[in-house]
Structures are given as structure tokens and as C-alpha cells.
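Trainee: Chain by chain, the residues run as shown.
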Amino acid sequence: MITLLLLAALLWPLCVAGSTVWQAYRTPAASRDYFPLLWISASWPALLLAFSGEVQWTIDAWMLGGYWELNTLSRPWLAFTALLWSLAAAHARGYFSAEQRKAQAGDQGAQRRCQRLALLWPLTLLGNVLLIIAQDIASFYLGFALMTFAAYALVLHSGSNEARLGARAYLALAVIGEGLILGGLLWVAGSAETLTLKGVREGIVAADDGALMALLLWLGFGVKAGVIGLHVWLPLAHPVAPAPASAVLSGAMIKAGLLGWINVLPLGVDGLSPALIQLGNIMLVAGLAAAFGAALYGVWQRHPKAVLAYSSISQMGMLTAMVAMGLAAPDVWSLILPGVVLFAAHHALAKGALFLGTSISEHMPRWPQPLLFALIALPGVSLTGALAAGMLSKWSVKSALYEMHHEGLIMLLTWAAIGTSALVSVCVWRQWQQRHSGGSDAFQWGAWLTALIAALVTPIWLPLPVGSVEVPPASEWLSLSWPFPVGVMVVVVGVLIGAGWRRHAVVQTLPAGDLWWLYSDLTLRGLRALRVIARACEKVKMASVTFSLALERTLMGHLKRGLFAEAWMRHHGSGLMMAFAVILALLLMWEGLR
Amino acid sequence: MIASIDYVEVGVAFCLVAAALACLFDRHLKRASSLFLLFALLMSLSWWLFDAPGLALAELVLGLTLTGGSFFYALNAFPATAEKVPHYDRSLHRWSHKVVRAVLALAWSVMIGGAIWFLLPDMAYSPTEHPLIIAAVVIVATAMGAFALHRHMLRRLMAFNVLGSGVFLLLAGMAGTMPGSQALISVGLTIAWLGTLLGVLLIRQLVSLEGLLALESDSDATGHAQ
Amino acid sequence: MIWRFGLYESTFEPQWYSHWALLAILVLPIFIGLLGAFFTPRRLFPVALACLPILLAGALLIVDYLQVGLLRWQWDIAGVELSLRFNGLSGLMLMITQWVGTAAAMYTPGHLQLTNPGKHARWLWPLMGVLISALSLIWLAVDLLTLYAALELMGLAAVGMLLLSGKPDALKAGMRYLLLALVGSLAYLLGVALLLGYWGELDLKSLVEVVEPSPVSWVAAALIGAGLALKAALFPLHGWLTPVHENAWTPVSALHAALVIKASLFMLIMLWGILLPDALFAPRLVAWLGMLAIVWGGLIAWRAESLKTLVASSTVGQLGYLMVAFPLLLGSAVSPLPGALAWEGFWLQLMGHSLAKAAMFMAVGNLIIATGESSIKGLAGTSRRLPLSLLIFGIASVTLMGLPPSAGFTAKWLLLQAMVMTQQWVAVAALLIGTLLTAAYVFRVFRYSFDETAPRHQYQPLAPGMDLIALCLALAAFALGLLAHLPLALLQGGGA
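Protein sequence lines correspond, in order, to chains S, Y and F. Mapping of the first sequence onto full-length UniProt numbering: position 560 corresponds to residue 560, and the numbering continues sequentially without gaps. Mapping of the second sequence onto full-length UniProt numbering: position 202 corresponds to residue 202, and the numbering continues sequentially without gaps. Mapping of the third sequence onto full-length UniProt numbering: position 285 corresponds to residue 285, and the numbering continues sequentially without gaps.
Honestly, the hints are just simulated from the structure, not real lab data. Among these hints, one or two may not hold up.
[Said to hold, decoys possible] Chain Y is faced by these chain F residues, among others (derived, beta-carbon under 8 Å): (1) Ala-37; (2) Val-159; (3) Leu-179; (4) Val-210; (5) Pro-213; (6) Ser-214.
C-beta: ideal position from N, C-alpha, C; glycine also.
Use the sequences and the hints to build the structure in full.
Mentor: Next up, the structure:
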């Protein structure tokens, strides 16, 4: 039964993609429904699968031998991922209704865009599901690569200049990331002669160059997870992607990077080499830097989705720091892991709800506006840890850290939460500034509300091991929730001061994508230098070609002259024969008489 | 008795060498051909001296009549203007060419002579014991050198014939006139005649196609020499 | 050497039919050739039919050899002992001779029909018959007299055939060949004279027992070597070869390149094997000349302007491969395994080259007849119109290049193995360079023929079977490489 469900979870998205193609050829453009119920249902089997228990599969016929598993880690992961995909799909039906109408009216561009999205959405989903359940390298990498490259179309969807830039940044970094992952996986697989992810973890511990392999893999997955320095695609891609695509990008796919880390890095293993522990420290610093840096940079953004993207970077920075603890302080890991999963799940749903919320503020239903914006802000508040699931997830992390006496890290994480709340406030404020009413759709706000509620009650439905989540004691509520008001205060004060000085211009020109511009400038300079070198090389090449041609001519001339010896041999055949006989006789005599 | 035979042999040997040299190095073609007839006659005589009347007869028929006749047959085909101006081989050779050929001929004579020295131990004591063999060595080496030197086809053909006679003479001188060597010589004579006939036919054909000059040049068919 | 060339007493008498078969292979070709002169066949089938009894006789001899081992015949005619023997090696050579001869004969009617050479063309048939008979005699004969007679007969017949085309260039080249061939045989005869004078033996079997290293055997070996090398066109005495092939008729060139020069080489290796059992430096000199030959032949062929020159020059290079193996075949210093490998490689290369070269000459002849051009540049545009002829050329050149699965590959593989074992790295390098050069000149032909910009000429259609015969020969060279164990087993049957 559960195997059938597995098959359905993997094949159903394929069927959906197939039906989209089928529809594209069979149904006339005017009556084509790009996002029917069938399309929305693509992720439902996966969702069912997540709630149907733990199980293992070994499939020898699949590629290099498939080994798939639903365990304590992948079940909750699959659950929140599939849920988010389902909600985002439902939201998309509403979100794209205007575009679909345009397509049905005969707009070729809209037709193409809708077609592309409808086809690649289930494929991206398929990759995401596959990578979660896969426990062998080949399937995992296949899923990861499929998800990464299919998602390109999701970013590119609108086709505007900004979208192109975002998609290009996404693709460039994705290719770098895939290269790093592939290199790392092949290296480990080669040195440890393993085909499973478990073998990879053990191989990294055992190998001499384990730290280098781990570094490759960390950076490779870090592209997805937005490690500082590699995060630049997030603020470029998120604002331009459609809201549901942003939701899955930021909620589900970013988490794939995190899952990659958890799957391949030897977290919580005793007896790591000093180099690996050093790598853990570096990760810790990088994570915290991302958590704070993204908050500081993000508050200046105008576009609410860019703000949310920085918020994602900040949150992923925190998660990076937590994962880093698995290397730097391995004994913490077993305690912190449920917290990390809960944190990730909650962040996925909450960030999903926030992104879906951006489309709600652009197409406001006829609700009272304060209520609407309170609802829009609610997942953000939860994200800061001030209430509901957010508070629980923060607590489950903190309690583990308390237990192992890492108070410094707790303090830093708490301060980072101030940044989170500041970002959420800015985001809501920006949405308020850019609000529009009309064009609302029941699918749109229905999915959003569901996501909101699911985010708030994450621990209830998430299939975590029993007893891994506990409600924080009342005495800790204050310590968990104080960053929210502080963050809001910081923003309010900042806005007031900014309004007083009337100097928005300076601060608001900080472009989204921060380091991307530095990278692209550096790349351009590098290309220019390369071009100069190439020109020099071309000159050298031309010179050598000319030289070789001259050499060839000379050699051929010599050869042709040399070949006249043939005529000489022809003329002196009899003389040569005489000489040959004499030489032979002398040689034989000399040899014989020696 | 022995002494008189010796004188005859020495005389014949001397005449053979003289006739061969004259035949090889005379540029006047008709005279050279006549000299070849003389050489063949002397050859026949020397076969007689070797107590091989059969060979002497074969030499008379094959060597003198047929082969010698072939040369005149070839000369007959030369254009009629040749009646007044005798046919000469006018090709000139560079001196280095000649010197190299002479050295090579010398080397051959030394080589063959050395082998014979080893083969017939009595030669070491009295070189004049076998004057015909010495003559044969000289003829072979000279004819070989002349063959390598000349360009004119008719003269090369003649040099080949002289060379052949020298070889036969050597063969008979060393191996005696046992049936094996007689058979070899008869085959050789026949082949030499057939070869000469073929060559003469060829020369006639060539002269009729391209004129006399074609005989003197050893130019290439492919045409990228000289 | 004694075992390899079958110079020992046979254990059993030949079967009764072997005598008739022997008579057939020696006399029938001449007889059928004479018939051909009278009836001048216009078609392929009568020729094939006439060749059949000769082929059958050859097969019978091989069957007999497989049954009773070495076959020997000896006659005493007026005090002169003539002897023949038939062992695995002569069997192989005989087969190659007969089959290539048959192919050439079957190719001839079509060629004559298309070139329309005139009345004297009828003399080609008896000459061809004499040539085949003389060749068969050379493979079988084991006394110096028969060998001499057969060699001369073969040489005169070959010259006669070469002259038939009647062009002045052909006449000049033929005259040069005639003179050099005659003088070469005289050098051989001079060597024989020394041997006969010293040991008094003409029969090789008796000679092998009495011969010992002495100045006489050395000078004799030198004279015989030089004479036969001249006739076999071994570098640097190969000068006469190219013009001769260039001007002769296609089947004649094919026969000449495939068989005639090989006969002198066969005699050379056999006589040196007897006279120089311990020589070290003379074979090495030949090997060094062989390396030069490989490079030189390749270069000449590479720069050749005319198609037939290319094919003829490639013969010079291919003979170089055979020369390079000399030190491994002669001399007692060679250890048995590389010696045996080189022995097998040598004959396989010789046979493979015979088949491939005959096929190549026929393919080239077909191209020349069809296009009416004899230069390589004249091939432009033939890739579309004459793909079959080009294909045959390609298959034949695969053998020459020594690519698998051809006989050339197997042979060169064996030779390379032997050379690596004896650490003759220069020879290995020469072999590899030769392969490269072969590829260079072969692809030069293809480069011109795949020129699509050439104007379309009117091509002369070929007579039926002309392509097919060449193709069969080229494929036979392939088959020889794939089924190399069969001829090699025959070669070892005599106890190598």
C-alpha cells in the first residue's frame, strides 16, 4: 500500500506534467485551463506518503541501485514540503487567473508563460520529493538537479528584465552549486567506494581530505540554502518570481539545501578531525554573519518580497549556525535536531504564508484592512518567536543549547530575532505602502489562510517523534518574545528619524542583491582582462600559424628536392648494385674473419 | 705439350681480354658489334680448350650467330642517314662518374679474385696456371663497370653479353665441365640470347617511335630527372 | 632453415595424383596461355574455367602435403640432378600465385576490351602462363640450376608483359628493367659459379650439408644477395620499379608487384639462410636499408602525382617491412620465439601485401579507365560516381596500413612482437612511421576524390566483374588477417 503511495508520489507529478503537454496539443487555446484541480493535486500523494509511516525501499534496477527511506528526518521534511507545495499550487490557481484569462483571450506570450510554468512546476516538485526520500547518492543528486534546473522557469516566469536578471543570477549560482555538489559527491563516493548518503557521511569522517570534501558539499548546498556570499540570487530572484513560486523557493527549496547538509555532513559524530571542527566554526561564523548582515541590509529594501528574501537569508543563517553546531559541538546535535526540523518546518510554512501574503496585499479582498494586515503580519510575528509555533521552535532549539551551556549562541540568536522582527515590520510596512485592492480570488486567499494557520500550528501536524516538542515554561515566554516589540520599535524609530531628515534617497538606493553587483563587476573586469589575454593569445596563434605555414613550405621544398634522389637511384641502379655487393662482401668478410 | 697448351691458353686469354675491352669501349657501334663477333669466336675457342665441344658449338650458334646477328639486326633498323655517318655513342660522362665505376670494377675484381684465390689454392703458387680464369675475372669486372658506365642501350646490351661470357668462363674454369656447369652455361647462353633478342626488338621499336636519341638517354618515364 | 624450407628427405612418397598435379601446375599455365593466344577470350567465364584445373591441381598438392608431409621429386637428366619439393611454405606461395594469377587473368579480358590495345595484346596470355609456371617452379625448386632457369624465365616473361603496352615510356622503363634483371641474374650466376666451384653441389639439400663459412660462401652470398636484391627491388636498388609499374597494363602491374618481385625475395632469404647461418651484420644492413625503404617509399608515395606511381612506390615501402625482419629470420643469435614470430609475420606480410597490392592496382586501374585520368588530381569528384572502386582502394589500403582486422595488421603485430622481444626499438619506430606515412598517402587520394566541387565528367563504364575481382582480392587480404591461423598452421606444418 505504502509502496503504491510512493509510486503515486513520484509518478503523479509526471502524469500531471504529461497531461499538461497532452492538453497543450489537444485543447484549443481559448478553452485551455492551465491550472486545473488535477494540476493542484500533483503534490497530494506525497503529502499522504509523509503521514503514512516509516518505511525503506531498496530498488536494484534503479540507476546505480536505489535506496529510499522515510525516517524520522525525511517524514516531517516531506510533510511540510508537500504541504507547502499543495498550498502554493492552490494559491497559484488564483494568482494566475488573470494571466490565464489573457492566455485564453489569445495572448501568445501569456500562453507560453502559463504553459511553461504548468509543465515545470510538477517537475520541480518531483525533484524536491525525490531528494527528500532518497538515501542513495544517485537518486538524491538526480532529484536535486531536477529541482534546481526546473525551478529556473519558475523564476523566469514573467520574462521582464528584472526576471531575466534574477533568473540569470539563479542559474549562474545554481550551476556553480551543482558543480560543487557533484564534485564533492564523486570525490567522497570514489574515496569511500559508497553509493549511499550514509556512506558519504562515514566517508567524510574517514577520509584524509574529509574537511575539503565537506567544504565542497557545504558550499554546494549553501548556494541553495543561501550561505552568505552565495546568497545573492535570493534577493534577486524572489521579488521577480510569482508569489507562489517565491513561496516554494523560499519555503521548500531552500530547505533542500539544509537537508543536503544534514544528509551528507557528519553532524553529531564523535571523533571528528580538527579540520572538520574548524569547518564547523567557519560555518557558525558564516551563519551568524548572514543572520545579522541580511537583517541590516534587508531593512532598507523597498520591495516587500526582497525584504522577505533577506529575512530568509537571515533565518537560514540561524539554521546554518545550528547545523554548524553539529560539527563544532557534536554532542549538541542529537538534542538540537528536532528543534532544527521544527524550525525549518515552521519557517517554511511561515515564510510561505508571508510570500503568499504579498500577493494578498496586492489583490486585497474586501475585508477590513486592519484585520487583513494583522493576518499578513501574523506569520512574521510567529517567526520572531513571539507566539505559537514560532515560540515552540525557538524554545526547542534554545532548550537544547541551554542544556549544553551555549549561552553565547543563544544570546546571538535572540539578537538575530530582533533583526527578524525588524524585517517583518519593514515588510508589512512596505506592503501597506504598496497595497492594491481588487482581483482577489478565493483560491488565492484560501490557500494563504490555510498556510497561515498551518504555520501557526506546525507542531500539531508535523510528524515528529513523540516528546521532541515541548511547550516552553511560562517563565521563558518573555525571554522568547521580547525581540519582537524591540524590533518593531527599532523600525518605527528609524522610520520616524528617516521621515524627519527626508533623506530616503540615500538609503533607498541600496539595490537588492548586494554582493551580486560586486560579483558581476568583478566578473566583467575579469572578462575584460581575459579578452586582452585572448587577444594576445590570438596574436601568438596567428604568428605560429604563419610560422608553421612557412616551415611547411620550406620542408616541402626540401622534401621535393630530396625526392630527386629517387631519380638518381634509378640512374645508378647497376652501380648501386655493384657497391651493394662489395659492401656486403666486405661486411661478411670482416665479420667472418674477426 | 703442357707448355704449348699453356701458351695457347695464355694467348687466347689475352686475345679474349683485348677483344672484350675493345668491344666494351669502342664508341663506334658497328665496329663494336664486329668486335663482339670476334669475342664470341674466341669464346668458342676457349670452350674447345676446356674440352667442351658441345658448349663450343652452342657458343657458335647462340653466341656468335644469333646474339651477334641480333646486334646487326638492331643496327639495321637505324635510319638510313647513318650510311654516311657511322653510328657513334656520343654521350659524355663526368669524370667522377667514370672514376667511381672504375673503382667499383676494381673492387669487384678484387672481390672475385679473392674468392677464387681461396677456391683454387694452386693459383696462389702460380698465377699463370689458369690464364683463362684471370681473363674471366678481368672481363667480368670490366664488363660490369662498363655496364654501369654506359648509357647507350645497345652498348649496355653488349656489356651484358660480355659479362655473361665472362661469368660462363669463370664457371667453367672453377667448376670444370661437369654436367651441372654445362647445363648452367647452356641455360645461361640461351637466356642471354633471348634477352638480347628481346632487347634488340625493343631497341628497334624505340628507334622507330622516338628516334636514335632515345637510346642514349636514360631519361625517366616520369620525367623529373635531368 | 633446413626445416623451414623443407630441405630434408621426405618420409613418404607422394601420392600418385601428386605427380599429375605437379605436371599440371607447371605445364598447364603455359598450355592454357598458348590457347589464350589463339582464342583471345572476350569474357570472364572461359578464363575462369581454364584456370580451374590449375587451381584444383594446387589444392590437390596441398591435400597431399597435409596427408603425407613433405613431398619430394628428384630427376637425374644427363648427369644433372634436378629436385623439387613441396612443403607448407611453397604450398602457401603456390596458392597465392595461383589465386592472384587467376584474378589477374580474369581481370584481363575486361581491361583489354576497354583499353583496346591492338593485336599484339594476344601475346599477353602465353606470357602470363609462362610467368605463372616459372613462379610455381621457383616456389618448388631446390637446386640452383632450376632456380636459375625459372628465375630467368620469369624475368623474361615479366619484361615481355611489361612491354606489351608499347608506349615509348614503357619501352624505356622495360629496357632498363630488362638490362638490370639480366645483370642481376648474372650476379646470381656468378655466386652460383663460386659455390659450384668450391663445393661442387647444385642441389640445395646436399649443399646445406657441406657448406661452411668461408670467403667463398661470403662472396657468393654477397653476389647472390646483390643480384637478387636488384631483381626484388629492395631499397636502394628499387629505382626501376616505379616507371615499370606506371606504364604497364593493370593486370600486369598487379601480377608483377604481387608476385614477381616476391620470388626474388623468396630465393634471397632461402639462399642466405643456407649460406649465412651465423651472419649478423649483413641482415642488419638489410634491415637498416629496410627502415630507410619504409620512410622513403612512404615519402615518394605521399608526394606522387600519378596514381600508379603512388601504388608502385608504396610497394617499395612495403618491401621495407619485409627487409626489416631479416635479422630475425637469419642468424643463430635470435632466440626461438621471436624468430618464429618474425618468420610467421614475414610470410603473412608478404602474402597480405600480394593480395592487397593486386587489389589496389586493379582498383586504381579501374579508376584510371573510368575517369581517363592517371593523376591523383583527376580523381576529383569520383567519390560519388565510383564509390565501389574507391571502397576497394580503401579496403586494400587498410591492409597496407596494417589496421585490424587485415592480414597487414596480423603480420605487423607478429613482427612488432618479435622486435619488441629482441628490443629493436628503431625498427619498431620505423614500422609505426611507415603506418603513418601509409595513412598519409592513402588519405591524400581520398582527399582528392571527395572533392565535391569538381565538374562532372563523363565516366567510362567498367566491364562486368572488374570491380568484383578487385573487391574479392581486397577482402581476401582481410580474410587472411582474420583466419591467419590457417596459413600459419600450414607454415608450421613443415616444422618451423
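Trainee: Quick one, is the Ser-214 of chain F hint okay against chain Y at 8 Å, beta carbons?
Mentor: holds, 7 Å
Trainee: At a threshold of 8 Å, is the proposed contact between Val-210 of chain F and chain Y supported by beta-carbon distances?
Mentor: violated, 14 Å
Trainee: Quick one, is the Val-159 of chain F hint okay against chain Y at 8 Å, beta carbons?
Mentor: Result: holds, 6 Å to nearest chain Y Cβ.
Trainee: Could you check if Leu-179 of chain F really has its C-beta closer than 8 Å to a C-beta on chain Y?
Mentor: holds, 5 Å
Trainee: Minimum Cβ distance from Pro-213 of chain F to chain Y below 8 Å?
Mentor: violated, 12 Å
Trainee: Taking 8 Å as the limit, does the beta-carbon of Ala-37 of chain F come near enough to a beta-carbon in chain Y?
Mentor: violated, 17 Å
Checked against the numbered hints given earlier, this structure breaks hints 1, 4, 5; the rest are met.
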